[in-house]
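Chains as they are written, first to last, in the UniProt record's numbering: chain A, 1 to 253; chain B, 1 to 594.
These are computed hints drawn from the structure, not numbers from a lab.
Treat the hints with caution; some may be incorrect.
Among the chain A residues that face chain B by a calculated CB cut under 8 Å, a handful are [stated by the list, open to error]: (1) Trp8; (2) Val110; (3) Arg125.
Here the structure is a predicted model, which means the values were calculated and not measured.
All C-beta atoms in this analysis are idealised placements derived from N, C-alpha and C, irrespective of residue type, glycine included.
Listed below, chain by chain, are the residues.
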Amino acid sequence: MRFTVRVWRQTGSEDAGRLVEYDVDDVSPDMSFLEMLDVLNERLTLRGEEPVAFDHDCREGICGMCGLTINGVAHGPRRATTTCQLHMREFTDGDTIVVEPWRAAPFPVVRDLVVDRGALDEVVRAGGYVSVSTGSAPEAHATPVARADADKAFESAACIGCGACVAACPNGSAMLFTAAKVTHLGRLPQGAPERDTRALDMLAAHDEAGFGGCTNTGECTAVCPKGIPLADIAQFNQDVLRASLRGAGGRPA
Amino acid sequence: MQFHKYDVVIVGAGGAGMRAAIESGQQARTAVLTKLYPTRSHTGAAQGGMCAALANVEEDNWEWHTFDTVKGGDYLVDQDAAEIMAKEAIDAVLDLEKMGLPFNRTPEGKIDQRRFGGHTRNHGEAAVRRACYAADRTGHMILQTLYQNCIKHEVEFFNEFYVLDICLTETADGPVCTGAVALELATGEIHVFQAKAVVFATGGFGKVFKTTSNAHTLTGDGMAIVFRKGLPLEDMEFYQFHPTGLAGLGILLTEGARGEGGILRNDSGERFMERYAPTIKDLAPRDMVARAMATEVREGRGCGPHKDYVLLDLTHLGAEVLDAKLPDITEFSRTYLGIDPVEEPVPVYPTAHYAMGGIPTNIKGEVLRDAENVVPGLYAAGECACVSVHGANRLGTNSLLDINVFGRRAGIAAAEYAKAHDFVDLPEAPEVPVVAMVDKLNASTGGERVANIRTELQQTMDANASVYRTEDTLKQALHDVQALKERFDRVAIQDHGKRYNTDLLEAVELGFLLELAEVLVLGAINRKESRGGHAREDYTTRDDVNFLRHTMAYKQISDDDTTKKTGFGGLTADIRLDYKPVVITRYQPMERKY
Numbered sequence: 001m002r003f004t005v006r007v008w009r010q011t012g013s014e015d016a017g018r019l020v021e022y023d024v025d026d027v028s029p030d031m032s033f034l035e036m037l038d039v040l041n042e043r044l045t046l047r048g049e050e051p052v053a054f055d056h057d058c059r060e061g062i063c064g065m066c067g068l069t070i071n072g073v074a075h076g077p078r079r080a081t082t083t084c085q086l087h088m089r090e091f092t093d094g095d096t097i098v099v100e101p102w103r104a105a106p107f108p109v110v111r112d113l114v115v116d117r118g119a120l121d122e123v124v125r126a127g128g129y130v131s132v133s134t135g136s137a138p139e140a141h142a143t144p145v146a147r148a149d150a151d152k153a154f155e156s157a158a159c160i161g162c163g164a165c166v167a168a169c170p171n172g173s174a175m176l177f178t179a180a181k182v183t184h185l186g187r188l189p190q191g192a193p194e195r196d197t198r199a200l201d202m203l204a205a206h207d208e209a210g211f212g213g214c215t216n217t218g219e220c221t222a223v224c225p226k227g228i229p230l231a232d233i234a235q236f237n238q239d240v241l242r243a244s245l246r247g248a249g250g251r252p253a
Numbered sequence: 001m002q003f004h005k006y007d008v009v010i011v012g013a014g015g016a017g018m019r020a021a022i023e024s025g026q027q028a029r030t031a032v033l034t035k036l037y038p039t040r041s042h043t044g045a046a047q048g049g050m051c052a053a054l055a056n057v058e059e060d061n062w063e064w065h066t067f068d069t070v071k072g073g074d075y076l077v078d079q080d081a082a083e084i085m086a087k088e089a090i091d092a093v094l095d096l097e098k099m100g101l102p103f104n105r106t107p108e109g110k111i112d113q114r115r116f117g118g119h120t121r122n123h124g125e126a127a128v129r130r131a132c133y134a135a136d137r138t139g140h141m142i143l144q145t146l147y148q149n150c151i152k153h154e155v156e157f158f159n160e161f162y163v164l165d166i167c168l169t170e171t172a173d174g175p176v177c178t179g180a181v182a183l184e185l186a187t188g189e190i191h192v193f194q195a196k197a198v199v200f201a202t203g204g205f206g207k208v209f210k211t212t213s214n215a216h217t218l219t220g221d222g223m224a225i226v227f228r229k230g231l232p233l234e235d236m237e238f239y240q241f242h243p244t245g246l247a248g249l250g251i252l253l254t255e256g257a258r259g260e261g262g263i264l265r266n267d268s269g270e271r272f273m274e275r276y277a278p279t280i281k282d283l284a285p286r287d288m289v290a291r292a293m294a295t296e297v298r299e300g301r302g303c304g305p306h307k308d309y310v311l312l313d314l315t316h317l318g319a320e321v322l323d324a325k326l327p328d329i330t331e332f333s334r335t336y337l338g339i340d341p342v343e344e345p346v347p348v349y350p351t352a353h354y355a356m357g358g359i360p361t362n363i364k365g366e367v368l369r370d371a372e373n374v375v376p377g378l379y380a381a382g383e384c385a386c387v388s389v390h391g392a393n394r395l396g397t398n399s400l401l402d403i404n405v406f407g408r409r410a411g412i413a414a415a416e417y418a419k420a421h422d423f424v425d426l427p428e429a430p431e432v433p434v435v436a437m438v439d440k441l442n443a444s445t446g447g448e449r450v451a452n453i454r455t456e457l458q459q460t461m462d463a464n465a466s467v468y469r470t471e472d473t474l475k476q477a478l479h480d481v482q483a484l485k486e487r488f489d490r491v492a493i494q495d496h497g498k499r500y501n502t503d504l505l506e507a508v509e510l511g512f513l514l515e516l517a518e519v520l521v522l523g524a525i526n527r528k529e530s531r532g533g534h535a536r537e538d539y540t541t542r543d544d545v546n547f548l549r550h551t552m553a554y555k556q557i558s559d560d561d562t563t564k565k566t567g568f569g570g571l572t573a574d575i576r577l578d579y580k581p582v583v584i585t586r587y588q589p590m591e592r593k594y
């Protein structure tokens with residue numbers, strides 16, 4: 001197969017950046033999208049040009065490193081997959097493909113297609129954990145958890161933090177990401193004691209990091225490679241409302 | 001160059017590194033240096049589970065788990081370490097539970113458990129349900145949970161800091177570890193970290209093989225760094241091939257698939273594992289299953305147009321079980337092969353998966369400099385380390401357990417050491433070896449390319465040093481690897497920039513891989529027996545008289561060698577092989593049958 005790819009090139013945060021057009025031929029339909037970029041990079045390197053920088057690692061959809069906006073869609077045309085799981089057979093021979101980094105104010109472009117997603121860590125830092133001490137002699141009993149709650153928590157915990165939800169959202173909101181973390185922990189008895197403060201603190205951190213507000217457009221869940229449902233955001237809103245009404249003390253905004 | 005000073009520096013932010021950081025971070029000023037980002041580490045790709053004798057769903061105890069681990073490792077396991085791991089497994093699972101890991105549950109709300117290869121009831125009577133799991137995303141859940149807790153404890157992360165050297169300061173009592181040197185990938189700048197204690201948790205080196213479940217980043221950095229310093233590597237010839245990689249791709253399908261009832265079949269539809277392991281069949285340990293599959297294919301009973309794979313049959317499990325307990329691998333099969341496991345069996349073949357060997361440590365995670373003495377201040381845990389709890393063959397789920405138990409132990413030991421000791425001066429100009437290595441690669445005008453050498457390395461390792469080995473194939477591999485090392489001396493990189501220079505990164509990684517491939521092959525040539533994951537066709541039986549001992553490989557760096565100062569270069573230096581006794585406590589070696 002043969003493609004024309006228009007790739008976003010940007011040397012750093014000060015550079016304005018631009019789309020640059022390349023022809024890539026000898027592409028097998030069984031190649032993943034990232035392997036197609038490997039082919040492009042190999043040729044660029046041979047010609048003495050700078051290869052295109054992009055994030056990747058496991059290439060099996062679990063590490064959350066890869067993230068490209070392909071023809072305007074985060075992770076490309078196939079639903080519920082990461083970019084590394086997208087294959088060239090999803091495209092038609094001769095297609096022009098536009099490849100851009102995640103676009104969101106809190107995700108500054110580092111170089112070409114690589115963005116800094118550190119803002120998501122700031123959200124987690126605000127309360128995306130269960131406070132337990134380890135290292136001491138643990139109590140020798142387990143915490144029973146109802147299967148339905150465990151299953152729901154699991155579904156939310158499947159989030160790999162790739163940031164596609166942010167890239168897809170017209171408001172640049174990270175509510176799906178934040179809601180997934182809040183819902184995962186809030187559903188479990190271990191996470192219950194901090195449920196109120198967690199919801200308020202993580203929301204505050206989300207806003208502080210510069211992510212936009214949620215208007216329930218649902219673009220996020222449509223591109224989520226792990227299928228985190230929009231219902232998590234509804235649950236998150238409910239938790240925030242409940243915590244506010246109960247006058248739970250979140251950290252000062 | 002920038003300079004930093006911490007009590008404890010942890011290298012690697014996978015499961016072992018972060019488990020260590022949680023402990024160390026509460027007691028001492030701790031920095032974690034990672035080539036990637038913490039939540040992107042390869043622990044996240046682990047699928048099936050983490051074994052602990054909780055006895056939630058049927059009778060079980062830690063002694064049975066210890067026995068299975070020892071027998072599974074073909075008696076090369078250090079039994080004191082295996083016992084500690086099996087005992088502390090229970091706390092390790094409960095710790096994760098308390099941190100909020102969403103384990104699958106039984107209808108009563110207890111942590112559910114499933115069967116896994118080689119884990120048995122009462123010393124081999126039948127398969128036991130011992131693996132705690134979060135569907136087939138257990139590793140992902142562990143990684144996220146540990147990361148969340150590191151953040152809670154305000155551990156400092158240095159992301160995309162690639163550690164390329166450790167600092168050893170010579171004292172009257174031998175070398176002491178005093179820090180690490182890293183390359184910041186974003187800027188190309190060199191950073192020196194002075195530390196009282198350094199913990200290596202850098203993972204495996206699966207990228208020496210072509211067909212592997214390992215991610216691109218797994219290039220054995222930590223192992224190669226200590227080896228270049230003249231410290232030993234233990235049992236490197238023992239490499240695990242996971243039976244069920246997607247045929248041709250190497251992408252992993254969890255052993256949990258067989259734990260849930262999946263069956264391996266050959267071209268006639270026969271459940272061939274009945275012939276190789278009559279009692280536990282498809283749930284035999286990985287080395288045995290991988291060999292059985294390779295044998296079926298060799299003897300012409302493979303499937304497909306080239307008869308070069310076998311089939312993993314999950315069709316009888318039904319869509320509901322696959323969806324609830326094995327969703328990711330179901331999706332993998334659909335995505336990568338276009339095959340729906342609900343409807344038809346999946347083509348599978350062994351894929352390079354896990355290094356049993358690595359940096360030798362004792363049960364506190366302290367790194368050994370020979371068969372008896374430790375390097376004060378240097379610790380290792382996880383796949384890069386060799387305690388040895390996996391011996392000649394690791395049982396499924398014991399890696400997630402290893403990182404939690406020995407990551408925790410190394411973190412505690414490092415913090416306690418840091419609290420009890422003062423800083424020791426760094427050696428003079430500690431950054432010189434790294435600067436020299438980077439400069440040499442940048443200055444090279446040779447005609448060799450990284451991608452070509454790496455491809456040839458992976459091809460010879462796949463062809464000559466994988467599931468089955470002979471003197472001839474191994475000698476071929478050694479010859480090839482040594483020739484590639486010579487060519488590597490003339491390797492040139494195209495990108496000479498500072499920022500995110502992946503070209504440079506890959507060249508450095510290739511140097512590490514070549515180093516480790518040679519150790520693996522040399523150890524394999526020397527071990528004239530078959531044990532666990534090391535199967536010699538010319539020495540088909542286990543030889544406890546001559547080989548019930550750990551291999552210790554040392555890089556020979558002669559005094560007049562100018563490369564000694566830099567610690568790098570001189571890749572073709574000789575390797576000296578020595579031995580370390582196996583710790584045997586409860587179980588005398590016996591024939592390994594299932």
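Going through the hints against the structure:
no., hint, result
1, Trp8, "violated (15 Å)"
2, Val110, "holds (7 Å)"
3, Arg125, "holds (5 Å)"
Violation of the numbered hints given earlier is confined to hint 1; every other hint is satisfied by the structure.
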